[in-house]
Structure formats: structure tokens, C-alpha cells
Amino acid sequence: MLDDLRDLYQEVIFDHNRNPRNFRAMDDADRQIDGFNPLCGDRLTLFIKFADGKISDASFQGQGCAISTASASLMTDIVKGLTEDEAQHLFALFHKMATGEKVEMDELGKLAVLAGVCEYPARVKCATLPWHTLDALLQGSEEPVTTE
Amino acid sequence: MNQQVDNIAAYDVERIRQDFPVLDQQVRGKPLVYLDNAATSQKPKAVIDSIVQYYQNDNANIHRGVHTLSERATLSYENARKKVQTFLNASSEKEIVFARGATEAINLVANAFAEKISVGDEILITAMEHHSNIVPWQMLCEKTGAKLKVAPINEQGELVFEEFEALISNKTKFAAISHMSNALGTINPIQQMIELLHQHNIPVLVDGAQAIPHIAVDVQALDCEFYVFSGHKLYAPTGIGALYGKMEQLEQMAPYQGGGDMISVVTFDKTVYSKVPYKFEAGTPNIAGTIGLGAAIDYVNKIGIDAIAAHENSLLEYATEQAKRIKKLRIIGTAKNKGAILSFVLEGIHPHDIGTMMDHQGIAVRAGHHCAMPVMDFFGVPATARASFAMYNTHQEVDALMAGIENLIEMFG
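Residue numbers (my numbering), protein chains in the order written: chain X, 1 to 148; chain G, 1 to 413.
If you are wondering where the hints come from, they were derived from the structure by calculation, not from laboratory data. Certain hints may be false.
Stated by the list, open to error - Derived CB-CB ranges, DEER-like:
1) G:Thr86 / X:Pro144: 44 to 54 Å
2) X:Ala25 / G:Ile326: 41 to 51 Å
3) G:Ile326 / X:Arg18: 28 to 38 Å
4) X:Glu142 / G:Leu148: 23 to 33 Å
5) X:Thr83 / G:Lys324: 53 to 63 Å
6) G:Pro374 / X:Arg18: 24 to 34 Å
7) X:Asn19 / G:Pro374: 25 to 35 Å
8) G:Val27 / X:Pro144: 51 to 61 Å
9) G:Glu406 / X:Asn19: 18 to 28 Å
10) G:Glu165 / X:Phe50: 53 to 63 Å
11) G:Gly29 / X:Arg18: 37 to 47 Å
12) X:Lys96 / G:Val13: 19 to 29 Å
13) G:Asp399 / X:Arg18: 25 to 35 Å
14) X:Pro144 / G:Lys147: 43 to 53 Å
Said to hold, decoys possible - Simulated pairs of lysine to aspartate or glutamate, DMTMM-like, Cα-Cα distance not exceeding 25 Å:
15) G:Lys173 / G:Asp223
16) G:Lys328 / X:Asp15
17) G:Lys302 / G:Asp36
18) X:Lys54 / X:Glu148
19) G:Lys327 / X:Asp15
20) G:Lys94 / G:Asp269
21) G:Lys116 / G:Glu165
22) G:Lys302 / G:Asp121
23) G:Lys30 / X:Asp3
24) X:Lys125 / G:Glu347
25) G:Lys275 / G:Glu165
26) X:Lys125 / G:Asp377
27) G:Lys30 / X:Glu119
28) G:Lys327 / G:Asp306
29) G:Lys173 / G:Glu195
30) G:Lys328 / X:Asp3
31) X:Lys125 / G:Asp359
32) G:Lys327 / G:Asp36
33) G:Lys173 / G:Glu163
34) G:Lys246 / G:Glu122
35) X:Lys96 / X:Glu11
36) G:Lys327 / X:Glu11
37) G:Lys149 / G:Asp377
38) X:Lys102 / X:Asp7
39) G:Lys328 / X:Glu11
40) G:Lys30 / X:Asp7
Note that CB positions come from ideal geometry on N, CA and C, so glycine has one too.
Let's have the full structure, built from the sequences with the hints guiding it.
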């Protein structure tokens, strides 16, 4: 009876929610920053390490819904090995996808499983919170990020 | 017992549902099950009609103009004040001040009391307050140098009365307490609390936003200085609510806002304010909303607040029993004395996922912190899902809620 809901809650999302990847604190992170969605109380801390001009490691901690946890899990996986510019470019693409703009899905790879959120305006920020947090970190901010 | 059975038998929920046009719809292909009444209630046709009637036939500004429409509008507006007076059993309709809602009413009182509070004074609230009964007092404290004292709650979500008592001292200059918690459903022993506070000559504001649709309120019996509520939780439109204040208090209080309708004489040297309650009602008020509030009170009186309470309590009892059978479910707020609110969390499933998945089944529940972040912190949860019941909800809807929860637990695996 919840078949149409599968567009939003794909099995991959459940999987990442149950077993989030890179879900750990990073003591030797080069940068870390908090992200917060005051509307729903979701919060995460993002940790990033750089080497040779690239993101060499990414991890997160915090609490959130399945959408935001899966999004953070997928994001921390996919940005490893990217330069800052490449990560920013991916953020721009992801943001477009989440807000329902047309975008080349191939470039998004695994992140495409979150495309369904654009049908749920109240949930878009769940998916984009980790990315906004990454964006602020890459821009050198140390202030906590909020989605409001 | 027999009496109670009779009352429930006489309570015709299907007939009541027909009075609420919004309930007759499908959401995502399922019949709407509206269980977000603690956020706002639906409006009966009588309320909608009263607003249409006002705009179609009587629309004019009030308290000015001698023309017929203005007189009609004024009469309807002032009649609503009398209806609120009777509903709260205030001794005079002059003790009823219209405001945008409970929030504005609390701000009005906090603003007036800023003049009477100084450094070292204390304001007492409880740990289960809605943000609207926390933030105005924090702002008052910032302005005056007073301290905010918070009476704690226990694991059931009940006020710890001894600790509340222990926080009262000769420094306590004001107390603001909720009648019923919006996040937990807890009903506070406000009569006892007010008596205790009065032994120390402390004025009390009761936040009745959540209690008003569920509990018969008698402000004279309670003897509180102030009682506030929002119309929209009482089947009335949004943007209208009321402040009850004892006349002796209201007379001493400074106006909240300046403007038209709150003055008797204005010159550039000096303005003489109107009498209570008008000195608190600057500008053209929400006339249609006020009339709608009057119609909502008439409607509630027709059904009977005690009959409504009995029906809702039966729904809560049934829902609580059913919820206890779901292994992964934990009820947040298990006070002995509780109103029609079932706040819960599901193991491993975030409340926002619950909210979205319930919506897919046509069921409207609230997911979030319910404007009570300190309560969430106390229970160690980021948010809860909340089903809240009103006069038109049915036992079948409770069944739909429970089936919906079982479905999503299965889906999450």
C-alpha cells in the first residue's frame, strides 16, 4: 500500500540509514563544522581531511531522519578523492536535483536515489542539510550552518 | 458509570463530522484522518458561515461611525466578548481582551509587567512550557535583569510539585504556567499551583492554549490573574485569541500598543487612554475572526465541553492501549492526568520519516519538537510524532493510526 512512497524511500536509503557509512568522529580532521536544521532538530557534525589538494577523508556524526542520514552517508562516500571545486560542482548539481530542476542524472551517480525528495517540499532540506554544511566548510566557515 | 455510558451513546460523532466540511476529503487516495488538532483544529461550517455572513452583510469598522453596518459589526464583535466571558466564567466582559492568540496575549502581559520587575526578581515557569510561554519571559528577564526559574518535570512528564514549591520565594514576582502541555498532554494541577502562589502574593498567568478545547475553564474558581488562549485550537479562525485578566490587574497595566481605538482623547501634548479592555486593543482588530470565535464557542457549547472531553478521553485511552501493543513504540508523556495527546517515538525511525509516511496513508500527525525544545531535551529525543484528538475524531481513526504505524515499521524493516 505504500508503493508510491518507494520513490522517496528507496531501499538504498533504508540501507544507508541503517548502516550509515563514515559515521564516526575524526580526531585529526583538518576542518569540522556543525549543521543544524532548526525546523526539525536534525543536526550533524561534518569532518573533512585534505591531502594533495583533494578531500582525502570525510565523516559525520549526528542525528537525523532517514533522508538526511542517507544523504550524509552518500555524500561523505562520494566526495572522497574530489577536489574542492569538484565537490562544489557536485553540490550545485545535487541542489538542483533536490529542488526539482533539470539536471544530468549520470553526473550524480549514486546520489540519484535522493531525486524523489523534490516531490516533498517539506523534506528537501533534510537531503540538502549535509551538502549545505559541506559547502560552508569548503568556503572556510566555522560558524554552525542552519537551513533557515 | 451508567451516566458515562449514556453520555457516550448520546455523542453522535458522525453527525459532528458532517459539520466539518474539510474532513470530507481524500489525501493521497486515502480518507483524511486529521490528528494534528493540537497544532490547529478544523472549523465547523457554523464558524465559516459566520465569517461569510459578516463579510457579505455586515462588514464595517467597529466602535466608530453611526451607520447601520458599523453598529451591526460592533454588536457582533462585542457579543463575541460576552461569549468568551461566559465560556471562561469571568465576572465581567471588560476582563476579556482580544489578541491575535495566546502568544500575543502573553507578550501583552509580559510587556506590562516589565515596569514592575527589577534586578534580582524571579519569574517562575515550568519545564513543560511551549516556547510562547518561555521566550516572552526570557525577553522580560533580559530587559529587567530578573531571573527565569524553571520548575522541573519527572519521567512521566508531570510537574514535580515539591520542587515547584521549593522554587517559590519572596523574589518570585510572577508565575506563568501551562494548563496542559502541548508536547506531552500533561494537565497541570493549576488550582493547587495558583493557591500556593497566592499564599506568596504572586500573580499567575495560565497558558490555556492547549487546554481550552478539552477542559471546562472557570477563571473565578481558579482565581488566576490571567488566562490566555488561541481561538484556532478551539475550532475558531487563526489570528484571534483572548486574554482574561482580573480587572484590578488590567487597570494597572500599561497599554501594549498605541494607536486608534485605544484612546479617549489625543492631543500633541498628551493622550488619555481608553478604559479596559479597549486600551489594549489598538487599531482595527480582527473583527471577522472575533465573530468566528464567538460562533465557535456557540458550537462547542451546543455539543458540550464535558461531552467533548469524555469522547476525547475515550479516544486517548483507546489509543494508549493500542500503542502499548506496538513493541517499537515509546509513548512520551505518561502523566496520570492527561489530555487528548499521544506523543511517541519509534525505535530507529525518525519522527520526520513517520510524518511523511503517515501522510502517505492520509493520516495527518505532527512530527517535530512541538515548539517545546526543552521538553525534547529532557526526554533525550530530537523530536516526537504526535497524534492529537478533537471532538470529531473516531475510534476507527485510532485504528487507522495504529495500522499506519505498523505499516511503516514493516517498511523500515
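| query | Has the given pair, X:Lys102 with X:Asp7, been kept, meaning a C-alpha gap of at most 25 Å? | reply | holds (17 Å)
| query | Hey, X:Lys125 versus G:Asp359, does the alpha-carbon distance stay inside 25 Å? | reply | holds (18 Å)
| query | Is the straight-line distance between the alpha-carbon of X:Lys125 and that of G:Asp377 25 Å or less? | reply | With a Cα-Cα distance of about 22 Å, the restraint between X:Lys125 and G:Asp377 holds, given a limit of 25 Å.
| G:Ile326 and X:Arg18, beta-carbon distance inside 28 to 38 Å? | Given about 20 Å between the Cβ atoms, the range is violated.
| task | Assess, step by step, whether the Cα of G:Lys173 is no farther than 25 Å from the Cα of G:Glu195, and give holds or violated. | result | With a Cα-Cα distance of about 15 Å, the restraint between G:Lys173 and G:Glu195 holds, given a limit of 25 Å.
| said: For G:Lys246 and G:Glu122, compute the direct alpha-carbon distance and say whether it is at most 25 Å. | reply: Since the Cα atoms of G:Lys246 and G:Glu122 sit roughly 22 Å apart, the hinted pair holds (cutoff 25 Å).
| Regarding G:Pro374 and X:Arg18, is the given constraint of 24 to 34 Å on their beta-carbon distance met? | holds (30 Å)
| query | Is it true that the CA of G:Lys328 sits at most 25 Å from the CA of X:Asp15? | reply | Since the Cα atoms of G:Lys328 and X:Asp15 sit roughly 19 Å apart, the hinted pair holds (cutoff 25 Å).
| query | Holds or violated: X:Lys96 with X:Glu11, Cα cutoff 25 Å? | reply | The hint holds at about 23 Å.
| said: Taking the Cβ atom of X:Pro144 and the Cβ atom of G:Lys147, is their distance within the range 43 to 53 Å? | reply: violated (27 Å)
| said: Next pair to validate is G:Lys328 with X:Glu11; report whether the Cα-Cα distance is within 25 Å. | reply: holds (21 Å)
| query | That 53 to 63 Å hint for X:Thr83 and G:Lys324 (C-beta), does it hold up? | reply | holds (54 Å)
Hints 2, 3, 8, 11, 12, 14, 18, 20, 22, 25, 28 from the list above are not met by this structure, while the remaining hints are.
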